[in-house]
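Student: Take these sequences, add in the hints, and give me the full structure.
2 protein chains.
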Amino acid sequence: MPVKFSTRDADFESRFQDLLGAKREVQEDLNNAVTAILNDVKARGDAAVLDYTKRWDRLDITAEAMAFTADEIADAVSNCDAETLDALKLAAARIEAFHRTQPIESSFFTDPAGVRLGARWTPVGAVGLYVPGGLASYPSSVLMNAIPAKVAGVPRIAMVVPTPDGVINPLVLAAAQLAGVTEIYRIGGAQAVGALAFGTETIKPVDKITGPGNAFVAAAKRQVFGTVGIDMIAGPSEILVVADGHNDPAWIAADLLSQAEHDTSAQSILITDDPTFADAVAAAVDTHLATLPRAEIAGTSWRDHGAIILVDSLDDAVPLVDRLAPEHLELAVADPDTLAAKIRNAGAIFLGRYTPEAIGDYVAGPNHVLPTARSARFSSGLNVLDFMKRTTLVGCTPESLAQIGPAAVSLANSEGLGAHALSVAIRLR
Amino acid sequence: MPVKFSTRDADFESRFQDLLGAKREVQEDLNNAVTAILNDVKARGDAAVLDYTKRWDRLDITAEAMAFTADEIADAVSNCDAETLDALKLAAARIEAFHRTQPIESSFFTDPAGVRLGARWTPVGAVGLYVPGGLASYPSSVLMNAIPAKVAGVPRIAMVVPTPDGVINPLVLAAAQLAGVTEIYRIGGAQAVGALAFGTETIKPVDKITGPGNAFVAAAKRQVFGTVGIDMIAGPSEILVVADGHNDPAWIAADLLSQAEHDTSAQSILITDDPTFADAVAAAVDTHLATLPRAEIAGTSWRDHGAIILVDSLDDAVPLVDRLAPEHLELAVADPDTLAAKIRNAGAIFLGRYTPEAIGDYVAGPNHVLPTARSARFSSGLNVLDFMKRTTLVGCTPESLAQIGPAAVSLANSEGLGAHALSVAIRLR
Chain V
1 MPVKFSTRDA DFESRFQDLL GAKREVQEDL NNAVTAILND VKARGDAAVL DYTKRWDRLD
61 ITAEAMAFTA DEIADAVSNC DAETLDALKL AAARIEAFHR TQPIESSFFT DPAGVRLGAR
121 WTPVGAVGLY VPGGLASYPS SVLMNAIPAK VAGVPRIAMV VPTPDGVINP LVLAAAQLAG
181 VTEIYRIGGA QAVGALAFGT ETIKPVDKIT GPGNAFVAAA KRQVFGTVGI DMIAGPSEIL
241 VVADGHNDPA WIAADLLSQA EHDTSAQSIL ITDDPTFADA VAAAVDTHLA TLPRAEIAGT
301 SWRDHGAIIL VDSLDDAVPL VDRLAPEHLE LAVADPDTLA AKIRNAGAIF LGRYTPEAIG
361 DYVAGPNHVL PTARSARFSS GLNVLDFMKR TTLVGCTPES LAQIGPAAVS LANSEGLGAH
421 ALSVAIRLR
Chain E
1 MPVKFSTRDA DFESRFQDLL GAKREVQEDL NNAVTAILND VKARGDAAVL DYTKRWDRLD
61 ITAEAMAFTA DEIADAVSNC DAETLDALKL AAARIEAFHR TQPIESSFFT DPAGVRLGAR
121 WTPVGAVGLY VPGGLASYPS SVLMNAIPAK VAGVPRIAMV VPTPDGVINP LVLAAAQLAG
181 VTEIYRIGGA QAVGALAFGT ETIKPVDKIT GPGNAFVAAA KRQVFGTVGI DMIAGPSEIL
241 VVADGHNDPA WIAADLLSQA EHDTSAQSIL ITDDPTFADA VAAAVDTHLA TLPRAEIAGT
301 SWRDHGAIIL VDSLDDAVPL VDRLAPEHLE LAVADPDTLA AKIRNAGAIF LGRYTPEAIG
361 DYVAGPNHVL PTARSARFSS GLNVLDFMKR TTLVGCTPES LAQIGPAAVS LANSEGLGAH
421 ALSVAIRLR
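Chains as they are written, first to last, in full-length UniProt numbering: chain V, 1 to 429; chain E, 1 to 429.
No lab work stands behind these hints: they were computed from the structure. A few of these clues could be false.
Said to hold, decoys possible - The calculated PhoX-like cross-link candidates involving lysine-lysine, where the alpha carbons are at most 20 Å apart (straight line), are: (1) E:Lys204 - E:Lys42; (2) E:Lys23 - V:Lys42; (3) V:Lys54 - V:Lys42; (4) E:Lys23 - V:Lys23; (5) V:Lys23 - V:Lys4.
Claimed, not checked - Here are a few chain V residues that sit away from chain E, every Cβ distance over 10 Å (derived from the structure): (6) Asp46; (7) Asp111; (8) Arg156; (9) Asp165; (10) Val167; (11) Gly180; (12) Glu261; (13) His288; (14) Ala290.
In this text, all values refer to a predicted model and were calculated from it rather than measured experimentally. By construction, the Cβ of each residue, glycine as well, lies at the ideal position given by its N, Cα and C atoms.
Tutor: Right, dumping it as C-alpha cells:
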C-alpha cells in the first residue's frame, strides 16, 4: 500500500521529509563502458557505430544505409493507422501553435549615456534528437522534442532511433516528418550520442542533443556535455493531484495510475482534505488495476512510491506542493485558478476536474518534457528558448566611452587587472 | 610565440582544428575529496563547515559569527575608497538597468478549441552566490551574479565568501549590499557549497547556486547539481578580436592582454586581413608586457594559447568566428554592425574601435558571465531567466476535452499506455 499520513500527525514533518528525500531511481554506473564506446566512436567514426549497431541491435548495415531514405519514411507513413495519424497531426499542430506563442524578443537600443546595447536571440545551428527504440519509442516524444527546435528556427534537426532487429515504429517516422526533422539515422545507444556529438564520416556533429534514453544514453549525454549542450537528464515521472471530495474517485484514480504506469520508479501522490474520498480513490485504484494492461508496473509504483496526504484545508496543500515541486500538478478543485496562483513550484499545472494530466502528454500543446525530482524549484519544461542562445551587444562611441570608461578603469585597477584598465584608458587619451 | 597561420596555408584546416580542439585546462580530480566534505556537511551541518573553515581558512569562529552583521557590512563599506565605490555604484546601476530590459512575459489565453493555455514565469525561491576569496575576490563578479537574481525577483540571495585569516575585500561586501544580497556568510570551498545545497542549522538551503570558484568549488557544484540548480561551470576566459588594419596596434594588443592576464589558460586570438598590422600588434603586445603588473600570467597565456589568423577579407572571418564561438568577440572594424549581423555564435559582441571588451566586464550593463570553450554554440550568458522558471498551465472544459480528448486516447493507446487513455476516456463518457 502507498504511505498515508496527515498534517495532523505528530510525526508529519519527518514523514514528509522522508517522502521528499526518498531515492526512487537506481543509478547504474556505466561510466567506464560508456567512455570506451565514446572514445571508439571518436576514433573510428562510422565503423565503430556500425559495429555496435550490429552487436546490440542485431542490425548489420553499411554506412550508406544508416539514414532512412525519403522513400522509407514515406512508406512508413503510408502504413500508419489513419485514425492514429490524424491524432498525431492534431497533436503536432497544437504543440506547434502553443510553442509559437512563446515570445522571443531581441532588442537593440541606445542608452542615456550614448552606449548602444542589445541582446540577440539566435537558433542553435544543429540539434540531435535521441529517440529510444522498442516499447518506449513514443511518437509523442518525437513531437515534443523536435517541434520547439523547429519553432526556434534550428536549420538542422538530426534524429537517431535504434531499430533492434530492424524493427521501427512507423508512427515515430511519421512524427519526425510532421515535426520537421531533417535527417533520421537507425542507430541508438551511447554510440549514437557519440556520433551526434563528435560527428562521423556520415553524420555531421550537432551543437546540442536532447531526448530521453536508457542508462547508457543518459551516461553518454552527461559525458559529452561541454562538447555539445544537452537537455536535462529526466528522472522517473511524477504526478501530484490536489483534489477536494467532490471528484469522481475513479477519475482521480485513473490520473494517479497514468503516471504510475510509466515506470515502477514513477511516483503518484494525492493530497486531499477529505479522508473518505481518499479511501474511495485508493479503492478505485485497485479496481482499475484489475483491468489495465500495464497493471504490474503501475501497481508496483503505487505500492512502493505512492502517497496519500490528508490536509485540513486545501490551502494547507500549497506549501507541501512547493516543497514537492512536482513535474505534473493536477488541481481537481472547484476554483483551480486561485489555488494555482498561490503555487510557485511545478513543471505543469492542470486546472480543474476536466483536465487529466494525460491530455498534456499528447494534445494540449505545452511541452511534456518537464523537470522531475523536485527540480521544478529551479528549472523549466523544454521550450523554444532551449534551442536558442542569446548574444549581448555593446557599442561605445568616443564620447560614451569617455563617460563610462573612467569607472571601468577604476574598478579594473581595484581588482588588480592592469591590462583591463589599460585597454580602456588607452582609448581615453 | 602565439601560433600564426593564414587561410591561404595548405594546412589551414588542420591547424584551425588543432586550435578548436586544444584543451587548455588541466582538470584536477578532486571528486572523492569533495564527496567526503559534502557528506560531512550533510551529516554534521554547521560543525563540519566550521571545522573546514578553521583548517583551510585559518579562521576559528562560532556558528553565530558565520554571517556578517549589518554593522560589519556598514563598516566595510565606509572603509572603501570613495572613487572606487562611486565606480561600483555606476556599474551596479547600469547592470541593473540593462537586465531590467529583458522581457519576461507570462501568458494565459483560451485557444480556438476552448482550451485555456498558459506559461507563467516565477522567480526561484532562494539563490546561493559563491564568491571566491583572496586575489580573485572580484566585486564586479558579485554584481554580475546577484543583480540578475534581484531583477528576477528572487526573495532570498545568500552569499558565501571565504575570508582566509579573516581578511575580506570590503568592496565585495559593498557590491553585495548594492546588488541586494540578503545574507552573507564568511565560508568558502566545497563546504560552503554543501551548506547552501543541503542547509545547516544556521544556513537555510537554497534552490540554485551560481558563481565562480576554484576546482573544489566546481567539483562540489557538479556533485550537488540535481539537489539544487547550478549555473554553467566556466572555463578559462577567451577573447577573439576581428580587426582591420586601421586600428591602433597598441589598443588591440591591450585588448588581447586583458583576457590573457586572467589566467595562464586564457586564450586571446586576433583575426585580421592585414599581415603588417598583425605583426605590429604582436610587437605591441611585447611592449605592453614590459610594464603590466600581471605580465607573467598574460605573457604565458599569449605564448601558449594565443593565435593570429590571417584572412583575405574580413568576411572570411565569419565562419571561423562561428566555429570558435568565442566568449568575447570584439569587432574593431569600420562597419561592425554589418559584420555582427552575419555572426551566429558568440557570448558577447563588442562593436567598433571604441568598445574594448573590458568595458563589458564592468560598466556596459550586459552580464560578464558568458559561455566559454565554444559553448556559445548552444548556451547564453547569465541572464534574468536563469533565476526564474516556467510553469505551463492547461485547463479544459467538458466541451474542449470532448474536442481534443479522443486524439489523446488514440495516441495513448497506440503507445500502449492504458491508464493514460483511461484517464481521458473516463471523462468523455
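Student: In ascending order, which of the hints set out earlier in this document are inconsistent with the structure?
Tutor: Checked against the structure, the hints that fail are numbers 4, 7, 12 and 13, while the rest are satisfied.
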